[in-house]
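Enquirer: Given next are the chains, with one letter for each unit.
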Amino acid sequence: MKILVPVKRVLDYNVKARVKADGSGVDLANVKMSMNPFDEIALEEAIRIKEKGKAEEIIAVSIGIQQNQETLRTALAMGADRAILVVATDDVHKDIEPLAVANILAAIALKEGPSLILCGKQAIDNDFNATAQMLSAKLKWAQATFASEIDIKEDIVRVTREVDGGLQTIDAKIPAVVSVDLRLNEPRYASLPNIMKAKRKPLEEINPADLGVEITQRLKVIKTKEPDSREAGLILENIDQLVEKIQENVGG
Amino acid sequence: MKILVLAEINNGELAEDQTSKTVSAAATLGKVDVLCASNQCSDASTNIAKMENVENVLVLEDELFAQGLAESYSETLIDTISSYTHVFAPSSSFGKNVLPRIGGMLDVMVISDVSKVISEDTFERPVYAGNAIQTVQSIDKVKLISVRTSNYSAVPLTGSANIKKIDCKSNNTLTTFIENKMQTSDRPELTSAKVVVSGGRGVGSKENFEIIEGLADKLGAAVGASRAAVDSGFAPNDWQVGQTGKVVAPDLYVAVGISGAIQHLAGMKDSKVIVAINKDEEAPIFQVADFGLVDDLFKAVPEIEKKV
Ligand SMILES: Cc1cc2nc3c(=O)[nH]c(=O)nc-3n(C[C@H](O)[C@H](O)[C@H](O)COP(=O)(O)OP(=O)(O)OC[C@H]3O[C@@H](n4cnc5c(N)ncnc54)[C@H](O)[C@@H]3O)c2cc1C
Chain A
8 MKILVPVKRV LDYNVKARVK ADGSGVDLAN VKMSMNPFDE IALEEAIRIK
58 EKGKAEEIIA VSIGIQQNQE TLRTALAMGA DRAILVVATD DVHKDIEPLA
108 VANILAAIAL KEGPSLILCG KQAIDNDFNA TAQMLSAKLK WAQATFASEI
158 DIKEDIVRVT REVDGGLQTI DAKIPAVVSV DLRLNEPRYA SLPNIMKAKR
208 KPLEEINPAD LGVEITQRLK VIKTKEPDSR EAGLILENID QLVEKIQENV
258 GG
Chain B
60 MKILVLAEIN NGELAEDQTS KTVSAAATLG KVDVLCASNQ CSDASTNIAK
110 MENVENVLVL EDELFAQGLA ESYSETLIDT ISSYTHVFAP SSSFGKNVLP
160 RIGGMLDVMV ISDVSKVISE DTFERPVYAG NAIQTVQSID KVKLISVRTS
210 NYSAVPLTGS ANIKKIDCKS NNTLTTFIEN KMQTSDRPEL TSAKVVVSGG
260 RGVGSKENFE IIEGLADKLG AAVGASRAAV DSGFAPNDWQ VGQTGKVVAP
310 DLYVAVGISG AIQHLAGMKD SKVIVAINKD EEAPIFQVAD FGLVDDLFKA
360 VPEIEKKV
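In order, the protein sequences belong to chains A and B. Start counting at 1 in the first sequence, then tack on 7, and there's your number in the working numbering. Start counting at 1 in the second sequence, then tack on 59, and there's your number in the working numbering.
No lab work stands behind these hints: they were computed from the structure. Please note that the accuracy of each hint is not assured.
Simulated coverage check for chain A against chain B, where a stretch passes if three residues somewhere in it have a Cβ under 8 Å from a Cβ of chain B [as the list claims (entries may be wrong)]:
#1 104 to 117
#2 120 to 131
#3 150 to 161
#4 166 to 179
#5 214 to 227
#6 230 to 241
Straight-line Cα separation of at most 20 Å, DMTMM-like style, residue types lysine to aspartate or glutamate; simulated pairs [what the hints assert, rightly or not]:
#7 K365/B - D247/A
#8 K240/B - D158/A
#9 K365/B - E238/B
#10 K331/B - E251/A
#11 K331/B - E248/B
#12 K180/A - E211/A
#13 K27/A - E340/B
#14 K253/B - E251/A
#15 K252/A - E266/B
#16 K147/A - D166/B
#17 K240/B - E156/A
#18 K252/A - E238/B
#19 K27/A - D247/A
#20 K331/B - D134/A
#21 K253/B - D276/B
#22 K160/A - E111/B
#23 K230/A - E183/B
#24 K9/A - E251/A
#25 K175/B - D199/B
#26 K365/B - E266/B
#27 K118/A - E211/A
#28 K61/B - E111/B
#29 K27/A - D134/A
#30 K200/B - E238/A
Using N, Cα and C, we set each Cβ at its ideal position, and we do this for glycine too.
Using the sequences plus the hints, can you model the full thing?
Expert: This is how it looks when you write it as structure tokens:
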């Protein structure tokens, strides 16, 4: 079977987002960008499934600007077999909405026929947590979100999900879309030889029109502002002072 | 405008706090209908009917809805849902699972984690782990909104809504529920507790986490954790506070052995008062804490527990 893994290029999780002075968004010029950490976990899972002999091919897809090539090269170096870059904009500050991403991925899925699409549960930039669910709806496939365990049996995938009350296990009919959570695995680093090998792996470049998809933005961003900031408070001298502060604020 | 709220009901049990705060956010636009779909609805629907600003409670009792599977909603209720202009759900694991799938079906965007409803088409939501707040305006015919419930208060129980049974041909051939492993606890719920005591990697082990739990119980608090504490197996996943865990805003948040990474702050920096205990005076948590104590937690926490 084939596994499709969408990977997003986002502001690196160690970099603090800075709001642009004109309020038009978060500054992404000359900052470190990386693969969305949740997508790394999704890709790692796909690679492990393939290593167990349960999948033959892993296709990584990225949607965004030309530079997303770098993210795809990382995916290829980690272990994806080939990559598809969908150039949807030339402006790094234009975020492609989950609905548009889902439409593009659905068109690719219909062409490629994967049995499984593994997505990160959310992108750490727009924090929508929506692409996997929208994609599965578009395809009319089963969805299993927030996976902390994935077990593929013949024609179903058994997924343990991290939910608010604890853990829930469900069976999803294959083909399915699964979104992954933090505890699923720890992604590997690409080794130097694999980084070299990745340069020769196929990377196809297309645009949304090639797939017959039109991108219209549904949410107009009117402004972006800094959150209310908190001031650093008092460092207390001793435990008794802290006890006093706690007592003042319990039930207050 | 026609507004619908999806009530969160887990196996017949209403998630009252989440649902009520979602009604509160939705009601800033007008009166609302609430969809009460579960395997058992009588208790839940009676409770919802008392919530202020609820006009109609639509009751759909069916085993299919017991476990919040997204397909049950999207395959069954799409006609009912699309007759509304606004559909709200809590931004809980339930809402985040179900609402975007409905968006995919209707070809409309979902507006996730809304912290403020500004008008019928304009909303505020945090992005980048809360390091920026975006105002967005939707052009979609149906607005699908998940609500960051920690930003709203519960509605008073002064209403008396109509309870109406609705009939739908139920269907879900895609997913099957297998089992739940839910945490049971006598402590208050993390997302609605007035006091939260959280432990991080500094706590060191699952056994040591009892120190955190001991202080929490003394204060009548819920227990939270950092991702590092959950990843290391010190605490269960449903205790994680942060960008990708739960968002809390209690009167008092006590962070113990937590460094204060942005991803953690995203889940607790709207707390009224933050107290931090950390042995490293440089820990970033002290930048947001109202009161800090630089001390070894193994010495400080048991002593605090004794004295409060
Ligand atoms: C995609 C992504 C999503 C994430 N989502 C979340 C999230 O939702 N929530 C979250 O919390 N994190 C999240 N993280 C992880 C986050 O970046 C941090 O790694 C994590 O919050 C660190 O946890 P910590 O503070 O417990 O551990 P550390 O950063 O290791 O801090 C431990 C602290 O304990 C102190 N300490 C140690 N021993 C003692 C002692 N004896 N007494 C007192 N103090 C002591 C140390 O001084 C230190 O400050 C996410 C990361 C990524 C990449």
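Enquirer: Run through the hints listed earlier and report the numbers of any the structure violates, in increasing order.
Expert: 9, 12, 13, 15, 18, 19, 20, 22, 24 and 30
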